[in-house]
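Engineer: What follows is the residue order along each chain.
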Amino acid sequence: MRAIAKRLTRYESAENKLSEPNAPGRFIVCEKLSHPLIALSGINGFRSLLSRALALAAGEVHWLRAVQIKLDGSLECPTDMADLNQQEITNGEVALAAELLGLLATFIGEPLTLSLVREVWPPAPIEDPDFNKKDSTKQTT
Amino acid sequence: MRKQKKAPVRKEPLSKAAKVPIRKLPTGVRGLDDIAGGGIPEFSFNIIAGTPGCGKTTLAHQFVFANATPRKPALYFTVLGEPALKMLRYQQQYSFFDESKLGKAIRFINLADVVLEKDLNAVLEEITRQVTELNPGIVVVDSFRTVVRKAYSGASEVEMQSFIQRLSQFLTGWQATTFLVGEYVEEEIRDNPLFTFVDGIFWLSQVAERNSVVRKLQIMKLRGQASVPGLHTIRISDAGLQAFSRTLGLITTKTKPARRRRLSLGIPDLDKMLGGGILEGDSLLVAGPSGTGKSALATQFIAEGLRHGEPAIMAIFEERPQGYTERANTFGLNLKTPQQIGKLEILYLRPLDLSVDETMQEILDAIKRVGAKRLVIDSLVGFEMALAPGFRADFRESLYRMIGALTGAGITILSTVEVEDSFTELQFSHYAISFLTDDIIRLRYVEIDGQLRKVLVVVKMRGGNHSKDIREYVITGKGMVVIHPRRTDYYGLITGVPQRTGPRKAQENEAAPEPKATK
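Order-wise, the sequence lines are chains H and Y. Everything in the first sequence is counted per numbering that gives the first Met the number 0, starting at 0 for the first residue and increasing by one. Everything in the second sequence is counted per numbering that gives the first Met the number 0, starting at 0 for the first residue and increasing by one.
Keep in mind that the hints were calculated from the coordinates and are not lab data. Everything numeric in this text was worked out from a predicted model, so none of it was measured. Heads up, the beta-carbon is just placed ideally off N, CA and C, and yes, glycines get one too. Wrong hints could be hidden among the right ones.
What the hints assert, rightly or not - Examples of chain Y residues lying across from chain H (beta carbon under 7 Å, computed): (1) F107; (2) A111; (3) E279; (4) V369.
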């Protein structure tokens with residue numbers, strides 16, 4: 000799921016640069032995914048899924064350990080995030096989005112996960128030949 | 000110019016003119032449309048009720064997937080029951096699940112938060128908002144029971160009734176066909192106002208009897224159309240739910256043609272005894288103890304039909320298909336090729352929890368596939384054993400319906416039944432089913448001259464006269480062969496221990512009549 004998470008994160012940061020320059024740590028991919036997922040499984044269901052994804056991603060990107068999930072399902076970033084560089088922030092966002100998508104794929108399968116992603120990002124280029132391949136290159140921070 | 004007379008205006012009776020056509024939506028469940036009287040009435044407000052594990056959610060999903068389109072989508076509200084993610088995970092295992100419909104044609108909305116945190120008005124408001132926004136053709140609330148249960152804790156019965164009525168009015172007004180899914184017990188039907196409001200009640204249940212579990216469906220109510228009453232068997236397989244109407248086959252029963260051909264059994268002397276063969280569309284029962292050649296006779300009957308271009312079905316419950324084919328080979332009858340070219344199907348049915356309706360559906364499907372004219376059921380005892388214990392009590396009635404439906408469709412049936420030889424009477428079957436067969440051939444063992452030999456007699460033939468002779472037969476390399484004319488030197492043959500009427504002819508080393516016995 001990393002490839003697609005990367006693509007979506009890249010897509011979102013490009014979009015944000017146009018409207019709202021440099022807004023790191025907003026986890027926009029996860030935030031956008033939250034809307035259909037809350038509709039599908041409720042806030043509590045979404046929070047459970049997100050907390051699992053966060054726990055998995057924090058094993059890879061350590062600064063994510065400080066991220067909190069709020070009651071409404073949004074994410075609260077640590078105050079010391081200013082110390083992180085843009086690449087580190089992006090790595091964290093990608094890792095979390097990848098784990099969330101990975102969990103979805105585990106539960107409902109890749110085709111349904113893909114169609115959900117397409118629903119949220121109709122214009123995003125998510126067709127990726129590597130999408131179905133297992134993630135082999137996990138980055139660490 | 001002649002003035003044309005005005006044709007008198009014929010007034011249509013008011014009731015006829017006012018009749019509103021109700022479109023019926025396919026249920027997506029094989030067999031259920033027939034039970035429902037053609038499908039689900041459009042814009043109806045229904046409930047799917049039953050205990051856990053009966054297939055309520057699967058039934059709702061099948062309906063949704065069969066009908067939802069991007070133009071008329073389905074809104075599936077989930078409430079505190081099975082979370083939508085899990086629902087999607089499990090439901091996609093069924094073949095009816097079409098992932099391309101999700102999102103545009105089918106939308107899942109979680110109502111749990113509203114139900115948990117707010118009141119009935121908020122629930123109705125949220126449903127109203129979603130329905131107004133999406134304009135769905137189908138709405139499902141699963142589980143509605145949890146909405147009600149939660150609401151009851153804070154609302155009065157009047158508020159509850161008002162909520163259900165407003166919901167029903169709103170959804171019908173918005174031209175949605177609605178299904179409320181819930182876990183209910185039958186006792187609630189009397190007291191729960193919900194059951195009064197709804198247009199249709201689909202009741203699912205599962206009954207355990209000994210080690211077998213059977214799922215049933217009953218349409219307790221369906222306004223505006225005649226559904227088939229009673230309990231119908233349902234089965235959940237990879238294709239989802241399948242329903243088997245308890246009147247399966249009866250509705251489509253054709254009447255037998257006035258002039259019917261006589262069909263050969265493939266045993267010339269036996270055909271002669273039957274007056275030229277059995278009548279097309281008859282039900283023939285071959286009764287006899289183990290080893291008397293019932294299956295051999297059945298095989299010859301099928302092979303003879305195949306020789307005359309009549310496709311066939313063999314529903315076997317005891318032997319395996321391979322054994323059947325191999326035995327046919329030893330008689331010089333080839334059953335393999337007809338199977339390969341789709342002229343013969345050997346159905347091996349012994350899952351031990353079948354219903355007669357399911358078996359009939361299997362047989363009817365196979366008959367349709369190959370265009371069968373002849374059918375063998377070997378044997379009725381095995382058939383009964385393959386049924387779930389709960390169905391065995393009704394075996395006779397079910398068999399009556401099944402045979403009636405199949406022969407009505409012009410199929411000629413040969414059923415075998417094993418009976419123990421009694422030495423005081425000539426029994427035809429344990430089930431007293433002879434009333435549902437047109438013809439009966441009885442096979443039995445007799446002791447003659449120190450040998451255990453076999454005799455047969457045509458006991459009954461509804462379509463005409465038949466030989467009353469008791470004839471000896473043997474099983475040879477060609478199958479069953481009737482030998483000797485009737486014996487006049489014995490009486491009491493049907494008792495199995497006949498008495499010689501005259502002096503015994505001297506004979507030296509008399510060869511056994513069956514060649515196999517000489518080996």
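Engineer: For each hint, tell me whether it holds in the structure or not.
Structural biologist: Hints, one by one, checked against the model:
no. : hint : verdict
1   : F107 : holds (5 Å)
2   : A111 : holds (4 Å)
3   : E279 : violated (52 Å)
4   : V369 : violated (37 Å)
In the structure shown, a violation is registered for the earlier hints numbered 3 and 4, in ascending order.
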